[in-house]
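Chains as they are written, first to last, in our numbering: chain A, 69 to 226; chain B, 364 to 1110.
Quick caveat, the hints were computed from the structure, so don't treat them as lab data.
Among the clues, some could well be false.
Sample of chain A residues at the chain B side, in silico, Cβ under 8 Å [as the list claims (entries may be wrong)]: (1) Gly110; (2) Cys111; (3) His141; (4) Thr145; (5) Pro156; (6) Phe163; (7) Gly172; (8) Leu201.
Covered stretches of chain A (in silico footprint by chain B; criterion: 3 or more residues with CB under 8 Å from a CB of chain B, positions within the stretch not fixed) [claimed, not checked]: (9) 101 to 109; (10) 119 to 132; (11) 187 to 199; (12) 202 to 215.
If you're wondering where the values come from, they're calculated on a predicted model, not measured in any experiment.
All residues carry an ideal CB built from backbone N, CA and C; glycine is no exception.
Here is how the chains run, residue by residue.
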Amino acid sequence: MAKEKTIRVKVNGSERRATVEVRRNLADFLREDLELTGTHLGCEHGVCGACTVLVDGEAVRSCLMLAVQAEGHEVTTVEGLTTPDGEPGPLQQAFWDNHGMQCGFCTPGMICATAALLRENPHPTAEQIRERLSGNLCRCTGYQDIIASVLAAAAEDK
Amino acid sequence: MSAFAAIGKSARRVEGREKVTGTATYVADVHPRGAACARLVLSPYAHARIKSVELSAALQVPGVIAAFSGKDIGGAEILAIDEVYFAGEAVAVVVGETEAAAEDGADAVQVDYEPLPVVSDPIAAMKPDSPLTRAAQGESHDDAGAHGAAVGGAGTGRPKPRNVNQMVEFQRGDLAKGFAEADVVLEDTYRVARVHQGYMETQGSVAERAPGGGFTVWTTTQAAFGARDETAKFLGIPAHEVNVIPTQVGGGFGGKFVLVEPLAAALARRVRRPVRVILDRTQDFLVSHPAPGAVIRMKMGAKKDGTLTALEAELVFDAGCAPGAPTGIAALLLGGTYRCPNLDIVGYEVLTHKVSPGAYRAPGAPQAYYALESHMSRLADQLGLDPIEFRLKNAAKEGDIRPDGRPWPRIGLIECLEAARAHPMWRDRKKLGADEGVGVAVGGWGGGTEPATGGCRVNPDGSLTVQVGSVDITGVNTTFALIAAEVFGLPVEQVQIATNDTDHAPYAGASGGSKTTYTVGAAVLAAAQEARSQVIEMAADRLEAAPSDLDIADGRVFVKGAPNRGVTIGELARLANRFGSRYKPLHGQGRAAVHTASPGFAVQLCQTKVDRGSGMPRITGYVAVQDVGRALNPAEVIGQIRGGAVQGIGRALFEAMEHDEGGQLANATLADYTMPTAADIPDIEVVLIEVPSELGPFGAKGVGEPPAVPGAAAVVNAVEAAVGVRVKNVPIKPEVILDALEEGGKR
Chain A
69 MAKEKTIRVK VNGSERRATV EVRRNLADFL REDLELTGTH LGCEHGVCGA
119 CTVLVDGEAV RSCLMLAVQA EGHEVTTVEG LTTPDGEPGP LQQAFWDNHG
169 MQCGFCTPGM ICATAALLRE NPHPTAEQIR ERLSGNLCRC TGYQDIIASV
219 LAAAAEDK
Chain B
364 MSAFAAIGKS ARRVEGREKV TGTATYVADV HPRGAACARL VLSPYAHARI
414 KSVELSAALQ VPGVIAAFSG KDIGGAEILA IDEVYFAGEA VAVVVGETEA
464 AAEDGADAVQ VDYEPLPVVS DPIAAMKPDS PLTRAAQGES HDDAGAHGAA
514 VGGAGTGRPK PRNVNQMVEF QRGDLAKGFA EADVVLEDTY RVARVHQGYM
564 ETQGSVAERA PGGGFTVWTT TQAAFGARDE TAKFLGIPAH EVNVIPTQVG
614 GGFGGKFVLV EPLAAALARR VRRPVRVILD RTQDFLVSHP APGAVIRMKM
664 GAKKDGTLTA LEAELVFDAG CAPGAPTGIA ALLLGGTYRC PNLDIVGYEV
714 LTHKVSPGAY RAPGAPQAYY ALESHMSRLA DQLGLDPIEF RLKNAAKEGD
764 IRPDGRPWPR IGLIECLEAA RAHPMWRDRK KLGADEGVGV AVGGWGGGTE
814 PATGGCRVNP DGSLTVQVGS VDITGVNTTF ALIAAEVFGL PVEQVQIATN
864 DTDHAPYAGA SGGSKTTYTV GAAVLAAAQE ARSQVIEMAA DRLEAAPSDL
914 DIADGRVFVK GAPNRGVTIG ELARLANRFG SRYKPLHGQG RAAVHTASPG
964 FAVQLCQTKV DRGSGMPRIT GYVAVQDVGR ALNPAEVIGQ IRGGAVQGIG
1014 RALFEAMEHD EGGQLANATL ADYTMPTAAD IPDIEVVLIE VPSELGPFGA
1064 KGVGEPPAVP GAAAVVNAVE AAVGVRVKNV PIKPEVILDA LEEGGKR
């Protein structure tokens, strides 16, 4: 019944080949098929931003994109932002050191959204960060320590 | 000021690495081999008789393994059997090889309902001709007055209206006399919406049969032992046959105690495979237990000098379809925060056809303080008094009697009000531009208690492993690490925290009620102190010195005055963990039954500018003052206070679960249920007040609930200060402000 298609996607630097149902969204493909469970699902309707990943460097809600649409593209998840030996990367370190997370559920999406933001604008103001991250909900922190984490990461990256 | 080595210095999260790298395990990440997926079938009716549940079409769907009605699975606690009492109540469940198969199967289940009369609004439910709700059925209301049914305080023989489950009443003095003495009397009614905890991770559980019998349940819960007990009870097996493995909790705020754990285990038993029950966001909105809405009528009188003379209040809490609304807590806080000689407070817990509420950050307090603090600011205005001076004149302090006759212990309400009064935002509020103003509001929480145990193991590498049975929801594990580090004079990095499953953990209650640091922290402190005594005792033997002559620093025990004579903690642990050793392993156990609560108070200042075009208030500044006893980990305490404040702002500006007359929830998605984003919120300045508690570790008090309490009234009071418009119902509807502005002023 369900149609399937074989796709090739570069995920966190590795070429991945998989046969997926055409209705499978990118988030489920990453979480279930590739076991990259750092990408979280908070609403599955594109509002909360917890499932944000990078597709060719742009922030994308992986619950709103089909896995087959990622064919031929480069996907980076939170797991791909670590150092090569799996230690926290600079952005992740900044969130940890600056208390930019509490329950941690929104954190991977926040970090991916931040990566896309800093790629476009390496030294954003606090106001620009608030505007850009307004598509990522956090219920724990009141956002301030997240903003501080992004500013700290930007300051590191001279 | 600090004589502490670790306490009072900000430490980053002990579990931070896994959270920032995406390796932390949340419940939806748990996939036992061969796991099947379950999907609930929910009632579209708020009240209906279930005539039949037809599962055969579902069983034909490819990939569907099994399907069950309430009758099949046995237990109306998890699936309705004869009748549904709210829209979204589960009536059947389908198990499939995949989520998609289970979902397709659930769509194919055919349920035949006979719709029954619905009452959705609690005020309508109290009318004599209202349809009856579940708990009220079979109970005669003609002689309701005879029930009395007052909890606390002497009943006055007030009749109990229809669909009211429980009444609470508190009286003191002579109300009529109090109002006669007043120079100003103000009466009005306030409404607070039903709101959701809004945790980012939806609820869910994964269960499988354990190889040795019984069941293993992975779940996102604040209460591992509570989830174990409820699951075992439902399955009819002893509690020790259920092992609950708590996963990381992606936000709880009171909403995650026990929900689908029993169902997941029951399904695993029936289908003989591991089963995942992970709710999607809409199902979570429909079946989980949010914070109740309330309607609160206030009447207060005061003399010209600001002395309160009388307080009359009627609280109506919408308990949905089952008892458990926090009416009593709300009444006590509402009547106890300010001294008032003459009181009459009545609270009604009203049943309606909605899901029953659960806990959400200071249950009952945001509702009570919204009404109280709106009223206090308006009274101050009518008396021509400064709102903070008026509050200070009446604020409760140690020894003042609460409505239930208990005196307040030492509390920091006055210190918080004084700090708010001294803040530049308050001092300079008259200098603001047009349409901008500052509001103030108080919030409080009585604090919770529960016995707890903790363990502290000394490791051969010189580190400590602290073992607890409490779930980390707000950085409490990091705080436990600080406590143990403090006792041993070790860096916090030398302490690991093991949050154990219920088979292995020392007992602890739910992480909630602002009591985890306060009570489990006390057990961890005792465990670390015992481990330290063992270390000193063993070192005394090794060093041939008196224990009183020894001290510990930098991971090493040494003789005072002869620092060269010493032995490292790691060396002692190695000696004690060795074949044939004559030393007992170094392992402290601590127990605590702190049963006196330490109430916490917060005062918040909100600065807002109202947009005359849209009527929408924009928050331009915010100050959160709170007495935390002692901030063991200031960065996390401050972060928790900011998060709480933003939840309060959410209640003021955005959040409401909107039910229509038929009991349908109209906004069961995050697109329609609006929560504050980073762009809605300014920086929040936190002012910590430290009035140490007697019993909390190092003087700590609970931090989590108070900051979520004052927000709604602070925002609404700021709106009045800005444009002279009084909002009575939250969340604020901008059109209400707009209409009032067009009418040219106060309403």
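Results of checking the hints against the structure:
Look at A:Gly110: its Cβ gets to within about 5 Å of chain B, closer than 8 Å, so that hint holds up. For A:Cys111, the interface hint holds, the least distance from its beta-carbon to any beta-carbon of chain B being 4 Å, beneath 8 Å. Here the hint on A:His141 is broken, as its CB sits about 20 Å from the closest CB of chain B, past 8 Å. Because the beta carbon of A:Thr145 sits about 7 Å from the nearest beta carbon in chain B, less than 8 Å, this interface hint is met.
For A:Pro156, the shortest C-beta to C-beta distance to chain B is roughly 5 Å, which falls under 8 Å, so the interface hint holds. Against a cut-off of 8 Å between C-beta atoms, the interface hint on A:Phe163 holds, since the closest Cβ of chain B lies about 5 Å away. Nearest Cβ of chain B to the Cβ of A:Gly172: about 3 Å, under the 8 Å cut. The hint holds. Contact between A:Leu201 and chain B, as hinted, is supported at the beta carbon level, the nearest pair being about 5 Å apart and thus within 8 Å.
Only residues whose beta carbon comes within less than 8 Å of a beta carbon in chain B count, and the segment 101 to 109 of chain A has 6; three or more means the coverage holds. Here the segment 119 to 132 of chain A counts 0 residues with a CB under 8 Å from a CB of chain B, which misses the bar of 3, and the coverage is violated. As drawn, the segment 187 to 199 of chain A meets chain B at 4 residues by the rule of a beta-carbon pair under 8 Å; at three or more, the given contact holds. For the segment 202 to 215 of chain A, the assignment as covered by chain B holds, since 14 residues bring a beta-carbon within under 8 Å of that chain's beta-carbons and 3 suffice.
When held up to the earlier numbered hints, the structure conflicts with 3 and 10 and fits the remainder.
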